[in-house]
Amino acid sequence: MLKVSIYRYNPETDKAPYMQDYEFDTQGKDLMVLDVLELLKAEDPTLAFRRSCREGVCGSDGMNISGRNGLACTTPLSEAAPKGKLVLRPLPGLPVIRDLVVDMEQFYEQYKKIEPYLQNDTPAPAIERLQSPEDREKLDGLYECILCACCSSACPSFWWNPDKFIGPAGLLQAYRFLADSRDTATDERLAGLDDPFSVFRCHGIQNCVNVCPKGLNPTRAIGHIRNMLLARAV
Amino acid sequence: MVTTVTSFGRSGVFDWLYQRVTAVVLLAYTLFIVGFIFLSDDFGYESWSALFDQRWMRIFSLVALLSTVAHAWIGLWSVVTDYITNRMMGPKATTLRVLAQVVLGALAVIYAVWGIEILWGV
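Quick mapping for you: the protein sequence lines, in order, are chains W and A.
Quick note: the first sequence uses our numbering, first residue 1, plus one each step.
Quick note: the second sequence uses our numbering, first residue 1001, plus one each step.
Extracted from the complex, chain A is given alone in its bound form (with noise of 0.2 Å):
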């Protein structure tokens, strides 16, 4: 058993099935909205003002950034650990892997309240 403290839900299975399972969420809310533009009669600013006044489409918005959020750090988190090791560059690599890490997650805490901000604000 290898012990992580910085993946997503410290344990592979968690990981695996919340990455997939965001996956779909992900293409379910990339049809909809691809189906939105290309299928509606009047797709323009009102349509889609509309659109996103409604409830129910900002929380399934929300849900897709949390989704992209969780996804994007899953998958990252793997790439960050393939590449940055200390088997590769020395124990310089704990330092450079801790600030990718916390540049990923800032990166992910603002694009997530910015998006909440948007999704709300308009």
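In isolation and in its complexed conformation, chain W is listed as follows (with noise of 0.2 Å):
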């Protein structure tokens, strides 16, 4: 039997989050998280959480599995709970609305400020701009971000300043736009992230990289941009 010790919270009902207790019969299976938690809806309707596509690519079920920041689509229990042990909680720093469903807001203002679209001031060609096969090698390892959050709620300098610092997620895709060959506003995005917090309130400890579900490398693109703002500025 797995145990599974879920986080609950209706702000309606309850004064303080809990955690409940599940007992739950894998039947010898290795199933997925997000599997676990629709067969417990089944018994519990009560039970809130997102999920949509169910295989990692729309990023709705990211919450802290075990500990660790993942998709319940995609995070086995041989992974998520080896020695019989499951533990759900929200994604950390975030507001809980109910039980595992956070608010994202403060994470969507962040992808909002680094205006995550192409901006190119040069006359629109006839069919498409087009690129050069080494310019669109460039953007492999940023376009793939599903903005699920598991980065950005790992990340303690998101965690104290969530108004301020951008946050890994959004910082990949600000260097997403950066490194696109057909983007003209690179000098004003740069502009706009010159600043203690923006960029800067990154030390580098790499929690981002540790959980992302997809296995991308937010650091690196947050080094790229402060050489770019370093190449800038000196």
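Because the hints were derived from the structure by calculation, they are not lab data.
Treat each hint with caution, since some may be false.
Below, a list of computed lysine-lysine pairs in the DSSO-like style, where the Cα atoms sit at most 30 Å apart [unchecked claim]: (1) W/214 with W/113; (2) W/164 with A/1092; (3) W/85 with A/1092; (4) W/164 with W/214; (5) W/15 with W/41; (6) W/15 with A/1092; (7) W/3 with W/83; (8) W/85 with W/214; (9) W/164 with W/112.
On the chain A side, residues computed to face chain W include the following (Cβ under 8 Å) [said to hold, decoys possible]: (10) 1002; (11) 1012; (12) 1083.
Quick reminder that beta carbons are idealized off the backbone N, C-alpha and C, glycines included.
With the hints in hand, could you dock these two chains into one complex?
Next up, the structure:
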């Protein structure tokens, strides 16, 4: 039997959050954490969590799984509960709406700040803006981000200053546009990042790299942004 | 862009660069002093005093002292603005943060002046 301990909080009825324990029969299968949640919800419909694609593409079911942020749909029990105990909590640092559902507003606010869209002030070509295969390659490891917030909510700098520090997810996307040969707003983008908080609150502890379910490296992207800021300033 | 008026150089890149440059100065100074203590044959009051009698050593020490002040300000400013925030503690955090920064600034000035006095006073 698998022991499952889940963070429960319904602000309408509970004074404080608490951990609720469940017993779950896996029938010897190495299920994904999301499967366990779905089956538990069938028994206890009050349990709230987000999910959508169930295959690691939509980024809805980011949560803290046995102490480590990850996607419930792509984390197998063999990894999350090797000793038969699974502990599920909401993503740390973000306000809890209910149970495992968090308020992502601050995360999206930071994403909005980096203007996550191509900006080009040259006349639009007749068909499309072309890019060489080499330039396109520069976006590998950046464009794959699904904005699940596992990285930013694992980052202490984001916990302390979610209103000022853009966070690893936002900065990975900031670099995605700084590195894009079709974007001409590089200088404006960099000017908006040159303060002691937006980028420089990153102290390089690499929690983001450690938890990213897509295997991306926000710390490296932040290093590239820092080098661009430095090259522009000295 | 987040605006701040109490960070060392008001710019993220400047503070970042300055912290690294001062770290290199401090490393060089530490290595030099440790090397002097352990590698000189006749280490004692005489050689120590003779070392600090030289102008270049006083200047090197002053640069290390000012580097410590700048390095500490940048680092501690980060700590203060991480942990004493209005988000965590409400409006009273502003007063506390200003107070902490004033105390840190005063300490920095006291140590700098005191250090100069020691370096050129002996």
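| 30 Å Cα cutoff - pair residue 85 of chain W, residue 214 of chain W | Given that 30 Å is the threshold and the Cα spacing comes to 25 Å, the pair holds.
| Hinted contact residue 1083 of chain A with chain W - closest CB pair below 8 Å | holds (7 Å)
| query | For the pair supplied as a hint, residue 15 of chain W and residue 1092 of chain A, is the alpha-carbon distance within the 30 Å limit? | reply | holds (26 Å)
| message | Just to be careful, I want the Cα atoms of residue 214 of chain W and residue 113 of chain W compared with a cutoff of 30 Å; is the pair within it? | response | holds (23 Å)
| query | Quick one, are residue 3 of chain W and residue 83 of chain W close enough, alpha carbons at most 30 Å? | reply | holds (9 Å)
| said: So, as I understand it, the hint says residue 1012 of chain A touches chain W; can you test that by seeing if any CB pair is closer than 8 Å? | reply: holds (4 Å)
| message | Holds or violated: residue 164 of chain W and residue 112 of chain W, Cα atoms, limit 30 Å. | response | holds (13 Å)
| Given the hinted pair residue 85 of chain W and residue 1092 of chain A, is their alpha-carbon gap at most 30 Å? | The given pair, whose Cα atoms are some 42 Å apart, is violated under the 30 Å limit.
| field | Pair hint residue 164 of chain W and residue 214 of chain W, alpha-carbon separation not exceeding 30 Å | value | holds (25 Å)
| query | Within a Cα-Cα threshold of 30 Å, do residue 164 of chain W and residue 1092 of chain A meet the stated pairing? | reply | holds (19 Å)
| Does the alpha-carbon distance linking residue 15 of chain W and residue 41 of chain W stay inside the 30 Å limit? | holds (22 Å)
| message | Does residue 1002 of chain A hold up as a contact with chain W if the rule is Cβ-Cβ below 8 Å? | response | Holds - the Cβ of residue 1002 of chain A comes within 8 Å of chain W, reaching about 4 Å at its closest.
In terms of the numbered hints stated before, the structure departs from hint 3 and from no other.
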